[in-house]
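Colleague: Here are the chains, one letter per residue:
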Amino acid sequence: MNNRLYGNLIFELSQEGRRGYSLPKNRFGSYELPASMRRAEDAQLPECDEMTVVRHYTNLSANNFGVDNGFYPLGSCTMKYNPKINEEMAALPQFSGLHPLQPAETTRGAEAICTLLCKSLCELTGLHAFTLKPFAGAHGELTGLMVIKKYHESRGDESRRLVIVPDSAHGTNPASAAVCGLEIIEVKSLSDGTVDVEALKALLAEHGPEVAAMMMTNPNTLGLFERQIPVIQKMVHDVGALMYYDGANLNPMLGAARPGDMGFDVMHINLHKTFSTPHGGGGPGAGPVGVRQGLESFFPNVSPYHGNFAVAMRAYAYILSLGRENVKLVGPLATLNANYIKECLKDVYELPIEGLCKHEFVFDGLKDKSTGVTTMDVAKRLLDYGYHAPTIYFPLLFHESLMIEPTENESKETIDGFIRVMRQIAEEAKTDPELVKSAPHNTPIGRVDDVLAAKHPITTYRQLKADLS
Amino acid sequence: MHKYFPHTENDLKDMLAKVGVSSLEDLYAEVPQEIRFQGDYQLPSEMSELEVRQLFERLGSQNKQLVCFAGAGVYDHYMPSVIPNLLQRSEFLTSYTPYQAEISQGTLHYIFEYQSMMAELTGMDISNASMYDGTTATAEAVMMAVAAGKKQRKVLVSETVDPKTVDVVKTYAHFHGIDIEMIAAKEGVTDLAAMRSQLSAGDVAGVVVQQPNYYGIIEDYTGVADAVHEQKALFIMNSVIADLALLKTPGEWGADIAVGDGQSLGIPMQWGGPYVGYMCCTEKLIRKMPGRIVGKTLDNRGQRAFVLTLQAREQHIRRQKATSNICSNQSLMALFVTIYCSLMGKQGLKEAAELSYAGAHYLCDELLKTGRFSLAYQQPFFNEFVVRYDGDVDALQHRLLELGIFGGVKVDDHQLMFAVTEKRTKEEIDKLIELL
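Respectively, the protein sequence lines represent chains X and B.
For the first sequence, the numbering used here begins at 1 and goes up steadily by one.
For the second sequence, the numbering used here begins at 1 and goes up steadily by one.
Do not rely on the hints blindly, as some may be mistaken.
With a straight-line Cα cutoff of 27 Å, these simulated DSSO-like cross-link-like pairs (lysine-lysine) come out [claimed, not checked]:
#, chain 1, residue 1, chain 2, residue 2
1, X, 346, B, 64
2, B, 64, X, 84
3, B, 151, B, 18
4, B, 423, X, 25
5, X, 465, B, 232
6, B, 186, B, 232
7, B, 346, X, 412
8, B, 13, X, 412
9, B, 288, X, 455
These are calculated hints, taken from the structure and not from any lab test.
Next up, chain X with everything else stripped away, as it sits in the complex (with noise of 0.2 Å):
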């Protein structure tokens, strides 16, 4: 990784009448859109020559760290290594090539790729059926709110529009439930962090016959295990709603439980989580979305063809190479790290929740606050020793979230050498904390004015020319 940035942009490196590119020659006459129906001013595109664009791209990916440069321990996002094999066969010809219109007799080996997938993540999740539609994990919570909304409606059972969620859920689940039309009640966790079954069941008492779902993830946000599972989808069972089980930490269930067995009726998986495919700087990931027997009619249209193909082609690959015998080592393996480095650093950094976490588990900053240096400046100093930054601020339950994700694939090497950098953080938050707030100090830039950003927003180079004349 760079550290110093590159930092032009393409823009800046045009020069009229330079090209990038070869077409072949017309050669079918002269048919030519009319002029009224012609943009008047072309768009003011970049001119630069071939190897100037692949020099400012080389250049501009070394200003960026992924997994292949390093650790990434970024809670709640399942940072795992993103096999190459998968890369060349999402690739194929005979698979990139095909129109998604083409007539299904020319067609057969996508679609049993697709069926494949779907099998397996049947036997995975102990759900029925699967559709791969959903472009994204926030697009199949969408998708499967509306399973749960047509199934109501199927019934005749119109009142229900309120979702429970806990305090501590992503922040996509109450978005999507607004998307779908529906409204959010958040029950509250326990001290212990897991759902509060009291109060679970004070809110069923008062809604119930309004309940259309409840969301949850298990492991929760916290990576602990919803122990009171069995009871909390029977209470939810027995007011006529559903469970919806949101697969952003399905990861340490491989090899452990299946969604299904633990009473949930639809979930999502995030393919670019549990399954490998990478993480492409935001997306496209996957969200296919699993359900019930019975439930599989209410699959909506929420995607055009067969949701992002090239991207489950990814995930079955990795199923392949990894085999019935190694799939159930996935969780147990993650697991073990995640708790691995909750034990080597609970004496600097403080545990608001003592026990066995399950992918991942979440720190409330250092343990000693007289120092001042918060979980930002943590996640900062980081960047200078090559770690990714942990996800931090989040869950909201804590003032000072540090939530840590190692996945399956990091040794005890890579682990052992976070642990130490982490406790040298630590340590230079009482000898030398300006050091630490001042950080990142060895990365291409350092802290960004998000202030400025915002108040005075500049979004294209056209604005940005404007703005420096």
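Dock chain B against the given chain X, drawing on the hints supplied.
Modeller: For chain B alone, kept in the frame of chain X given last:
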């Protein structure tokens, strides 16, 4: 251990001891026995890399790659070699959403470039960092129009919009509580008189049209923006982005929101995805926009830097009050179209569009010359058009298929829709005509 797991026997022993449990099993002690998963998953056994490759290649051989004369929203454009090569740069491919700006300037820079390019192509002020695809981007635009409005609950959608887009929009609208009212088509274009009367009935938050429309026709939207704005509604235009290198832009037509799919910028068809949705709008709507937005700022060393901005619109801050539930963008596909636009540049994008335009018109002329086809609509078109066939459409398509040609998309029992991109050669077109 498997090649993806680095744990040795000694590592396991030491780590379990530190955690204070005696086996991996014990890490799940709190999971009630009745829901513990026991035994083996019914899955294939572990495959070597070679076996995985062989399986995919075998399945691949069950597909048929065709010479593609189909479009209907997905176009067979050429992907320059540079792109897949750069997209495999690990630093791009294996990174997360750029929350940590200090080690994500690569992603943030290219998203800024992407936003700039989309704004240029659509003729709009601003763009977000991308959306899932064109259909969901349109659905998001519809919700955005309702959110930006003053309690209007109705959105008008032209019947000349791609029916697959309409389907997805209707799905979102049904659950979100928005009424979708279709505007009739006449001669293959939006019936503007019908639109005006539907607008004057009131309660309209937005109007959605497509350009070129589903049938490839270039519609004349003169006066539409004014009519829509008179009712305090937003004008939403869905376009095939590559065509905007030449066509009058959504901005020039007076659109408030421009949306669509970016697939036409060289993205492989890959059986439907991943593609990338774009969404651009006027400056005054920026705070109503869903999705990520990247903006310019400074770092504490005084350097120009880029950062995710205006996050107060988003789900992780606003939860149920967010502008959308969207959490990711299609970053890597945004990088794809950014590199495509950088290579093709100002001239190349126009030339590719001109080639597609010329090829489609050549094919159309040749089809008409056979005497068995006639244009379904007497309207100007871009690189796609609908023809009536005097024979059996199914039999014709089947025959072409046998010869390795995807002969257009069937519209109904008498009509076919053909698309041509810069990838189709004169030889391929002449062969198609010959086979007819």
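Colleague: Hints first: check each against the structure and report whether it holds.
Modeller: These are the hints, each one checked on the structure:
no.: 1; hint: X:346 with B:64; in the structure: 57 Å, violated
no.: 2; hint: B:64 with X:84; in the structure: 25 Å, holds
no.: 3; hint: B:151 with B:18; in the structure: 59 Å, violated
no.: 4; hint: B:423 with X:25; in the structure: 11 Å, holds
no.: 5; hint: X:465 with B:232; in the structure: 32 Å, violated
no.: 6; hint: B:186 with B:232; in the structure: 26 Å, holds
no.: 7; hint: B:346 with X:412; in the structure: 51 Å, violated
no.: 8; hint: B:13 with X:412; in the structure: 11 Å, holds
no.: 9; hint: B:288 with X:455; in the structure: 15 Å, holds
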